[in-house]
Amino acid sequence: MPDPLVALRAPGQLPAGRRLRNGLRAGARLALALALTYLGLLAVTFFIGRVIPVDPVLAIVGDHAPEHVIARVREEMGLNKPLYVQFGIYLQHVAQGDFGTSVLTANPVMQDIARAFPATLELATAGILIGVLVGVPLGVWSAVRRGGLVDHVVRVMGLIGYSVPIFWLGLMGLLVFYARLGWVAGPGRIDVVYQYSVETVSGLLLLDAALGGQWEAFGNVLSHLALPAALLGYFSLAYISRMTRSFMLKELAQEYIVAARAKGLSETRIIWRHALRNAMVPLVTVIALSYAGLLEGSVLTETVFSWPGLGLYLTNSLQNADMNAVLGSTIVVGSVFIGLNLLSDLLYQWLDPRTQDR
Amino acid sequence: MKLLFSPLRRRSLPLALAALVSAGAAVQPALAGTPKDTLVLAAAFDDVITMDPAEAFEISTGEILGNTYDRLLRFDINDPSKLLGDVAKSWTVSPDGKTFTFTLKPGLKFASGNPLGAEEVAFSLHRAILLDKAPAFILTQFGLNKANVRDMVKVTGPLTVTLETDKAYASTFVLNCLTANIASIVDKQLLLSKEQNGDMGYAWLKTNYAGSGPLKLREWRANEILTLERNDQYAGAKSKLVRVIYRHVKESATQRLLLEKGDIDIARNLSPQDLAAMAGQTGVKVTSTPKGTLFYISMNMKNANFAKPEVREAMKYLVDYGAIGDTLMKDIGVIQQNFLPMGLLGASKVNPYKLDVAKAKALLVKAGLPDGFKVTMDVRTVQPVQGIAEAVQQTAKRAGIDIEILPGDGKQTLTKYRARTHDMYIGQWGADYWDPHTNADTFVRNPDNADDAKAKPLTWRNAWAIPEMTKKADAAVLERDPAKRRAMYEALQTEFRKTSPFVMLFQQTEVAAVRSNVDGLKLGPTSDTTYLFGVSKR
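Protein chains in written order, with the numbering used here: chain L, 1 to 358; chain H, 359 to 896.
Quick caveat, the hints were computed from the structure, so don't treat them as lab data.
All the pointers check out, no bait thrown in.
DSSO-like, lysine-lysine: derived pairs with alpha carbons at most 30 angstroms apart:
1) L/Lys81 with H/Lys812
2) H/Lys666 with H/Lys724
3) H/Lys564 with H/Lys814
4) H/Lys564 with L/Lys81
5) H/Lys598 with H/Lys895
6) L/Lys250 with L/Lys263
7) H/Lys467 with H/Lys564
8) H/Lys596 with H/Lys440
9) H/Lys830 with H/Lys456
10) L/Lys81 with H/Lys504
11) L/Lys81 with H/Lys814
12) H/Lys880 with H/Lys643
13) H/Lys769 with L/Lys81
14) H/Lys774 with L/Lys81
Please read all numbers here as calculations on a predicted model, not as lab measurements.
Turn these sequences into a full structure, and let the hints guide you.
This is the structure:
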C-alpha cells in the first residue's frame, strides 16, 4: 500500500524500517548479481579455455615425453572427466578459497597474481593519473576554445593515439628516451643492482622503496616507470580528453551556463565549478572504465617493456591452456571491473545527489 | 572545489606530457653498465615450468640445471666425443658390457653443506626413475624401471656406485645418457627433509634448489627474473662471477636496446635482423655454436599422395635450401639434410638435395600426379618457420603442389601434429641427450604404427611404417665398436634421405651477442652445456 505521507517527505527521510528493508533488498540484489556475474565469467572462461585446440598436458610434459607419462598427467589433472565435472570440481575448490596451482610456474595461482598484479597496478595507476591530470584539462580547454589551436592539437594527438600501434610507439619511445637521450631507465621495473635491496611489502615498488627509505632505488623505479606510464597515460589521455571535450560542449550549451554568465560569474568559475562538475558525472564512468582496462594489464606494453604484469601472465597462461591461472586472473580482472563500477556508481551519487537511491 | 589555476591563463599545459616522460630522468640518470661481479643476460625463459632435474625438460631450464647441478659425467664441450668425470673420479665397464662402476671424488659437498657420496648418487638415480616424469625415459631405455631400479643402481662403498643395464649397449650410449640433466645429483638429506606424502621432495623442488654445481639457484620468478649465485661449497674451480641474473625479455628489439645501452651483458634471443645490425658495432661481439636442433618439414603418409615415395622425394627437390639459408636462416642455421646434427657420432655431411623443379615434376609424373595436388601445412606463426613455410609454398607451387598454410600458435599446431591429423608440418627437433640414438629413436624407429601405439615417435606421427629400419636402429644402439656403430648410422641416414617423409632443412646455430668486456662465454652444443661459471667480466 502506498503511504501518502511518503510523497511529502524529502528523499532520505524514509521510516527507519523501510530504509532497512530497502537496504537489505538492495544488498541481496547486489550479492545475487555479483554471484551470477562471477559464475558466468568463470563458466565462459573455463569452457572457452577447454575448447581451444591446445592440449594442456603438452605445456607440462613437453613434446618429447613418452605416451604413458602423458596419459598419467592427463589423469592427474582430471582431464579425462567430462567438462562439467571438471568445472564443478573447480568451483568446489574456489568456494573453499583454493584457486589451484599454476602448472607453468608451479606456484599457487593467487601467489602468482599477488606478484603480477602490483606491477600492473603501479603502471596502470601512473598511467591513469597522467590520463586524468592531463586529459581532463586538455579536454576542457579544447571545448572552451573550440576550433582553436589547442583543440586541433588535441584532436591530432587523439587521432595518433587511436591509430598508432602501442607496440611500435613503445619501441620508439625506448629508442629515443632510453637508448639515445638516456633520460629514462630501460625495460624492466628496476635496475639489477637494486633487485635484491628493496624489500617486498606491497609489491608496488615505489611504495616499497619509499617505505624502506631507499630513495636512490625509488628514483630508479620512477625512472623505469616513466616511459611505459607515459605511454599508457597517452593512450588514456587521448580518450579521456576527447570525451571531456564532448561532455563539456554539451554542458556549455545549457541554459544554466547562460544564467550564470548573466549573473556575472567569472568565466573560470563557470567552466570549472559549474560546467565541469556536471560533465564529471558521465566522465567518471569513462575514467573508471579506462582504469579498469589498464588494470587488465596491457600485454603489448608489458612485452615491450619486459614488465612482469598481469597481462603477460594471463596471455602466457592462456597460450599454454593453464586454466587455473587463466581463471584466477579472470576473477581478479572481473573483480577490478566490478569494484570500479561500484565505485563510479558511488561517485555518481556524490557528484549528482539526484541519482541517490530513494 | 577551489580553483588552482585557469588553463586560459597558463600556457604550459602542452608541455606536461613531455615533462612527465622525463620525470624519472630528473631524479636519476640511467646507470651505465652492470656490476663487475654480476653477469646479466636477457633471455626469453617463459618455457621454464619446474626446477626439478627429474622433471625439467625445457631448453631454458636445461641451461640452469647444467650450471647448478653436478652429474656423474659431463662431455667436453670442445670435443663432445670425450667424456669427463664430474662427481665421478673414474669409471669402468665390465667385460660383458652390462655393469658400470663409478668411483666418486672424495670430500664433495652440496651447496647446503651436506656431504655428497655414493648414497646421494644412487638416491638421485632412483628418484628420477621412481618419479617417472617426462625425461625419465633417457634412463629407463637401458632397462631401469620402478621395480628394479634399487637393484640395478647400487651403493657398493661410500664412494662407489654400480649401474647395471638389461643388455650390453654401446657403453658410450649409457655414459652419454648419464651426462643429461635427468642424471643430476640431488641433495638427499635436504629433499627428504622437505618430503610431503613420500614425494621425495618433488613438490618443494619445483621452485627450489638441492644441488652441488658451481652456481646455485637463488630465485626463479616466472616471466621476470632468474638468479644464480656462486656456490662457495663447490670443490672444483669456483665461479668467477658472484651472481648471474637472467632477465625475461621476450622481444628481440628490446634485448638489443638493453645490450647497446649496457644494461645487460648478453642478449640471447636476437632475430637475424637485429644480429645483423649489431655486427660490427663497437663494444659488442657475437658468438655462435651449432646446436643439436634440426628444422624439418614432414609429410603425413596417411595422406594418400604422401604415401607415394616419388611424391616424398619430389618435395625434397622443391625447397630452395640455398636461398633460405642466405636469408631467413642467415647466421642462425646451416643446411642439414640428415637426422643427426653435426657433432654427434655418425653425423653426415652429405646434403644432396637442391631446388630442382624439373626433377620434382618428373617424379610427380611417375607418381601419377602430373598436375600436382592440393595440401595443407600447419605452421607456427613465429620466425623463422613461418618464413621458411612461405618460401617452400612458393617453390612447391612451381611443380603444381599447392600448399595452403594453416597458421597457429605453437601448442595448437603441435597438438594437431601429435594426433597425426596434419598433412604437412614444419617443426624443430632437439636432441634430448648427446648420443645419436636420441634422434635415431624418433626419426628411424617406429616399433608400432597402429593408432593406439604405446610409443609415438616422429615416424609414427607421420605414419611411416619401417620395421626393417627399426631393427637396424635397435642394432646400432647395441654395437659396442664405435667405428662400426658410426657406419650403421651413416647407412641409416642414406636410406632415410631417400625414402623418409621428412624434408630435413637446417641445423640450428645458436647465437648470442655479448658485451666485449665479457670473457669466456662458449655456447654449448646442447642446452645444458652453456656454462656460465667460467665466464668473467673486465
